Amino acid sequence: MPDVNLSVTLAGMTMKNPVVVASGTFGFGREYSQFFDLSELGGICAKGLTLLPREGNPAPRIAETPMGILNSVGLQNPGVDAFITEELPFLRQYDTKVIANISGNTPEEYGIMCEKLAGAGVDMIEVNISCPNVKAGGLAYGTRPELAAEVTHVAKAHAGQVPVMVKLSPNVTDITEIARAVEGAGADAISLINTIRGMRIDVNTRRPILKMNTGGLSGPAVLPVAVRMVWEVAQAVKVPILGMGGVSRGEDAAQLMLAGASAVAVGTALFADPYTPLKVRDGLAVLAAGQGLAAVRELTGKVLPW
Amino acid sequence: MPDVNLSVTLAGMTMKNPVVVASGTFGFGREYSQFFDLSELGGICAKGLTLLPREGNPAPRIAETPMGILNSVGLQNPGVDAFITEELPFLRQYDTKVIANISGNTPEEYGIMCEKLAGAGVDMIEVNISCPNVKAGGLAYGTRPELAAEVTHVAKAHAGQVPVMVKLSPNVTDITEIARAVEGAGADAISLINTIRGMRIDVNTRRPILKMNTGGLSGPAVLPVAVRMVWEVAQAVKVPILGMGGVSRGEDAAQLMLAGASAVAVGTALFADPYTPLKVRDGLAVLAAGQGLAAVRELTGKVLPW
Amino acid sequence: MKVERECKIVSKEQVGDAVYMTLEVGDMIRASFRAPGQFVHIRCGEGLLLRRPISVCSCMEDEPDDLLSIVFEVRGEGTRWLAGRELGDSLDVLGLAGNGFDLKPEGRYLLVGGGIGIPPMLGCAQYTGGRATAILGGRSRDKIILEDFFREDCAKVLCATDDGSLGHHGFVDALVRRELSEDRGYDGVLACGPKPMLRNVAKVAEEFGIPCQVSMEERMGCGVGACLVCACDMADGSRKHVCKDGPVFDSREVDWDA
Amino acid sequence: MKVERECKIVSKEQVGDAVYMTLEVGDMIRASFRAPGQFVHIRCGEGLLLRRPISVCSCMEDEPDDLLSIVFEVRGEGTRWLAGRELGDSLDVLGLAGNGFDLKPEGRYLLVGGGIGIPPMLGCAQYTGGRATAILGGRSRDKIILEDFFREDCAKVLCATDDGSLGHHGFVDALVRRELSEDRGYDGVLACGPKPMLRNVAKVAEEFGIPCQVSMEERMGCGVGACLVCACDMADGSRKHVCKDGPVFDSREVDWDA
Ligand SMILES: Cc1cc2nc3c(=O)[nH]c(=O)nc-3n(C[C@H](O)[C@H](O)[C@H](O)COP(=O)(O)OP(=O)(O)OC[C@H]3O[C@@H](n4cnc5c(N)ncnc54)[C@H](O)[C@@H]3O)c2cc1C
Ligand SMILES: Cc1cc2nc3c(=O)[nH]c(=O)nc-3n(C[C@H](O)[C@H](O)[C@H](O)COP(=O)(O)OP(=O)(O)OC[C@H]3O[C@@H](n4cnc5c(N)ncnc54)[C@H](O)[C@@H]3O)c2cc1C
Ligand SMILES: Cc1cc2nc3c(=O)[nH]c(=O)nc-3n(C[C@H](O)[C@H](O)[C@H](O)COP(=O)(O)O)c2cc1C
Ligand SMILES: Cc1cc2nc3c(=O)[nH]c(=O)nc-3n(C[C@H](O)[C@H](O)[C@H](O)COP(=O)(O)O)c2cc1C
Ligand code: FES
Ligand code: FES
Chain V
903 MPDVNLSVTL AGMTMKNPVV VASGTFGFGR EYSQFFDLSE LGGICAKGLT
953 LLPREGNPAP RIAETPMGIL NSVGLQNPGV DAFITEELPF LRQYDTKVIA
1003 NISGNTPEEY GIMCEKLAGA GVDMIEVNIS CPNVKAGGLA YGTRPELAAE
1053 VTHVAKAHAG QVPVMVKLSP NVTDITEIAR AVEGAGADAI SLINTIRGMR
1103 IDVNTRRPIL KMNTGGLSGP AVLPVAVRMV WEVAQAVKVP ILGMGGVSRG
1153 EDAAQLMLAG ASAVAVGTAL FADPYTPLKV RDGLAVLAAG QGLAAVRELT
1203 GKVLPW
Chain G
903 MPDVNLSVTL AGMTMKNPVV VASGTFGFGR EYSQFFDLSE LGGICAKGLT
953 LLPREGNPAP RIAETPMGIL NSVGLQNPGV DAFITEELPF LRQYDTKVIA
1003 NISGNTPEEY GIMCEKLAGA GVDMIEVNIS CPNVKAGGLA YGTRPELAAE
1053 VTHVAKAHAG QVPVMVKLSP NVTDITEIAR AVEGAGADAI SLINTIRGMR
1103 IDVNTRRPIL KMNTGGLSGP AVLPVAVRMV WEVAQAVKVP ILGMGGVSRG
1153 EDAAQLMLAG ASAVAVGTAL FADPYTPLKV RDGLAVLAAG QGLAAVRELT
1203 GKVLPW
Chain L
41 MKVERECKIV SKEQVGDAVY MTLEVGDMIR ASFRAPGQFV HIRCGEGLLL
91 RRPISVCSCM EDEPDDLLSI VFEVRGEGTR WLAGRELGDS LDVLGLAGNG
141 FDLKPEGRYL LVGGGIGIPP MLGCAQYTGG RATAILGGRS RDKIILEDFF
191 REDCAKVLCA TDDGSLGHHG FVDALVRREL SEDRGYDGVL ACGPKPMLRN
241 VAKVAEEFGI PCQVSMEERM GCGVGACLVC ACDMADGSRK HVCKDGPVFD
291 SREVDWDA
Chain U
41 MKVERECKIV SKEQVGDAVY MTLEVGDMIR ASFRAPGQFV HIRCGEGLLL
91 RRPISVCSCM EDEPDDLLSI VFEVRGEGTR WLAGRELGDS LDVLGLAGNG
141 FDLKPEGRYL LVGGGIGIPP MLGCAQYTGG RATAILGGRS RDKIILEDFF
191 REDCAKVLCA TDDGSLGHHG FVDALVRREL SEDRGYDGVL ACGPKPMLRN
241 VAKVAEEFGI PCQVSMEERM GCGVGACLVC ACDMADGSRK HVCKDGPVFD
291 SREVDWDA
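Chains as they are written, first to last, in my numbering: chain V, 903 to 1208; chain G, 903 to 1208; chain L, 41 to 298; chain U, 41 to 298.
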């Protein structure tokens, strides 16, 4: 490997390299630990947690599309308490940052989860606001600036010293509006993009492939949308960005970093190749070295718009 | 070819088959007429017109992405008058429906263009509302229901007997809101999706590939988003739908039709294979025959959601 | 410990409508074999993001490379790509995944395979050293594949076809019922095939009070238990995962009405 | 009339860093040849949506199949795929596209090719039956490809390299200046190469009042003039399209500051 400094800092959290794994694609790390040492990762965004255990949606929960996949897992998870007692100690064995990802039905639920997780000692909390707000009639928090700000505010108030990163949904007219709202409400970092809503129909059975009819699109197909949104958000806010959406090579990660991301997450690409995060890291190092950089973090925000 | 009735009707306009070519990807038909007889097409959405001639944006105007492309042509066109005198007579030689696609800076411009085109005798007018509204500070008409409705209203008022189809942008939080607004304002049909905004960066030069920095994503990558949006719109409105976005095979077209489209458009896939529209048509016929249908139009809206 | 590695195709032949392939899989069997009924997760070209799960038909430890065979039918893009690979080509294989059947080498089992669910039962037959009875079912005679192999590795082989072109005219569960009523000495019923068949077989086994294990299918992402897409509804309302908790489940655990 | 067809690769060799391929193109030359300087638009595998434009190096009508040769360098994914094709493989070729150079077979032209812009000038040399002078430029000696072919088909061949490893030490425009001042008998200058080179060559030709045509590059979609992505800025503020109006333009038409 070339001699390039790989470490990056995201909202005060220093990672040994800029590659983390995306929430929901890596479980709580146990399975992929059979393939490589988790200490090689910059960080791990754990599977999305809710206050109480959830079984998620009925199967089929996945469909393939051109260079993408749709999923409709629907936040199956053992609940925040089981995460803290059963999963966190396992993750803590590794020398990597642990980022808990949370979803709530109400702002209060976000608050309770933040308090528990801050107490348990995670490195960062990623607040997923793509889930519907039950009180606001099922409207997703992530599509309305005032709701997004409210959730962020409550999360911050209960997270103590633990930095709060808010994860934005791409299913909006103007992502910068949401980004500014959560920054204004105190978010320490922003991650994006979550999945884009899509659908696939089996033309023979005439049934949607997913039992939920629609699901979230991820994978290489969405990379150009992710790059655009990271770039727009980077210009709109000052907080650091964790970029994701379709990364499968060092070059993809470099695009997101140039657009403004301080670090990147790899999700869907894991399913084709479990070693993708390490290959992305190495690819970034080679690319940075080839450009004569001393550190990979020098890429962040360095796009030269026309 | 199997013995299946291919004809479909879109807002009273009967087409010999459900496959049209998407605006901006087929010019005014002259070039692809070198490859096949344009009379084989259900219809032709001509390149987007503006009131006055426009040279469009500087190059590069295209970038490749995983199973997609980005474009930033920016409505280069000879203006509506030159279309009527130079291009329409050429298109009229063929036994196919001619759909003019228009973009304006103000509602008034849409009105003037509709009047001219209705007078010249096009079969349908497709109103592109993805362009920024100069008066409303550059906000795209297609992202605000009230603006979309205003443009539709003015277009309808000036289009006489010619049906008006409004083309929706997918870059919105809730596509059904826009669809209902344009239906309410009198749209005879709705077409979707236009391109999704994206970006690609050359990691070596650190420049966006497109001179405009960002552009519109199209091609197979967007198919699942198109299917989802057509399905949502089909449930929200009663007017017929022209579905598009990533169609390259009969199966893709069938997905859009099952989701609710009465006809489909093929765009980006033409660049890889000029014969795609005919292959999509034939693929649809085979698929419908395989399902024992007497007519391809029986597919429309027949998805069986779970 | 699971592995992901390039595995060379060392034999390929057509069996009925299906393709039979043998792969050199390095130390994959030594490293991750647990029981017959596990599967491999195979990458089908650069253009497809998702691997395809295919059951292990039979496998053996060997030097320098363990050997593993799979049998699959062309259903869509991925299996079409797979069927196009030739002798000497390499496949990107992740495995062995899943748990397989819970069975004792010295046990006596009634193995039930339907259609493309037949091949994984061969591994069970071999594992239990000739003691098993196999019931193979399919739509018609040409869907009953690998019968000769089963005759080699089983005490008894029965066939059923929907159209009566081979063996019993009807479904396998009728043969299961006959066999269980004539012979009370089975330690269990192990089944793989389409869900309606599994449900019917499970019902018969339950009637006779014989434990029954079924191999379930579901669309997969990671194949290792991390992404949670391959949910299988359980009778108790919970959801387990085919790739990690399965693909084999106790028939009484499964919610057959889901 | 343009065609899109499968074309068999009947020769393939390495020339310097570039790949030289000859294709059997059916009646493509008979149907669509206009002049040297046209290009073909080649599909580079299923995974890439956009075809890649490659200039015709030389071509000839033949029976049963016309022959066409291309020379290309590996720059990215598409050309890497192309370079991986072997003798006997088929390529999906759309062509001939574009207009080519406006030249008379009996004219005397100064042909200027830089780097991978050298090959298309060979077609011009052959078309004008040995009367042309060729000036070939490149970074170093190994970038000057096809020199022997040019010697066969030209009255005179001059070379320039940035590093002086072959011929004149410096840029081609110095040789153009020398040649035009020594020989007033040229009907025109025809050039293909990187944009800065084209601009400099055009400037020199203009000084001498000799008409100059340049072959421009731009990223393409359809390759036939329908999608309007391949815009080239003109001096008069309009935008023309490389694939349809070009790739060859009169040097005075082009906006060199864009
Ligand atoms: C544990 C397990 C073991 C299997 N063993 C075998 C075997 O030994 N032989 C065999 O022929 N088939 C087997 N299958 C089914 C096989 O995985 C599918 O036929 C195959 O995935 C179809 O892929 P495709 O690309 O050809 O079809 P497509 O329909 O194009 O596939 C599209 C997507 O749907 C998924 N999919 C489609 N059908 C199935 C299915 N029945 N089960 C799971 N995913 C599906 C694919 O994996 C892919 O992600 C098994 C499935 C599972 C879950
Ligand atoms: C009219 C014309 C004639 C050409 N003739 C030749 C030739 O004879 N030999 C040769 O080696 N090259 C030629 N080129 C350049 C050649 O088209 C590019 O090198 C090639 O497209 C790069 O594709 P890629 O996939 O390897 O690179 P990538 O960078 O991966 O390509 C990504 C995209 O950018 C486009 N692109 C990248 N570079 C260029 C470029 N310089 N010009 C146009 N599009 C580009 C590609 O077509 C593709 O759409 C010509 C270009 C044009 C416009
Ligand atoms: C199977 C699956 C499950 C996911 N679950 C979650 C989740 O629980 N919480 C969350 O914030 N994002 C979730 N995501 C979104 C990813 O974290 C990521 O934002 C998205 O997939 C884009 O990245 P990718 O293209 O690299 O996969 C999930 C994605 C997939 C594919
Ligand atoms: C090069 C290009 C130019 C386009 N120009 C227009 C246009 O002028 N007006 C318009 O309404 N849509 C335009 N579009 C959008 C297409 O009509 C279509 O909505 C979109 O490309 C999705 O379909 P596809 O994936 O089949 O290409 C253009 C698309 C492309 C690729
Ligand atoms: S496929 Fe990922 S958990 Fe089963
Ligand atoms: S590439 Fe489409 S107009 Fe030139």
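Just so you know, the hints here were simulated from the structure itself, not pulled from any lab data. Certain hints may be false.
Claimed, not checked - Negatives, chain U to chain G, calculated, CB over 12 Å: (1) V50; (2) G66; (3) E117; (4) R148; (5) C270.
Unchecked claim - Computed from the model, here is a short list of chain V residues facing chain G with C-beta under 7 Å: (6) R1099; (7) G1100; (8) P1122; (9) P1126; (10) R1199.
Stated by the list, open to error - Straight-line distance between alpha carbons at most 25 Å, and here's what the computed BS3-like set of lysine-lysine pairs gives: (11) K1204/G x K1113/V; (12) K42/L x K144/L; (13) K243/U x K144/U; (14) K1140/V x K1204/V; (15) K1181/G x K1204/V; (16) K235/U x K1181/G; (17) K1181/V x K42/L; (18) K280/L x K144/L; (19) K280/U x K235/U; (20) K1113/G x K42/U; (21) K1140/G x K1204/G; (22) K48/L x K1181/V; (23) K284/L x K1113/V; (24) K243/L x K144/L; (25) K144/U x K1181/G; (26) K243/L x K196/L; (27) K280/L x K235/L; (28) K280/U x K1113/G; (29) K284/U x K235/U; (30) K1113/V x K235/L; (31) K918/G x K1140/G; (32) K280/L x K1113/V; (33) K1140/V x K1113/V; (34) K284/U x K1113/G.
Everything numeric in this text was worked out from a predicted model, so none of it was measured. Glycine is no exception: its CB is placed at the ideal position from the N, C-alpha and C atoms.
Tell me, which hint numbers fail for this structure? Hints 3, 5, 10, 15, 16, 20, 25, 33 contradicted; others consistent.
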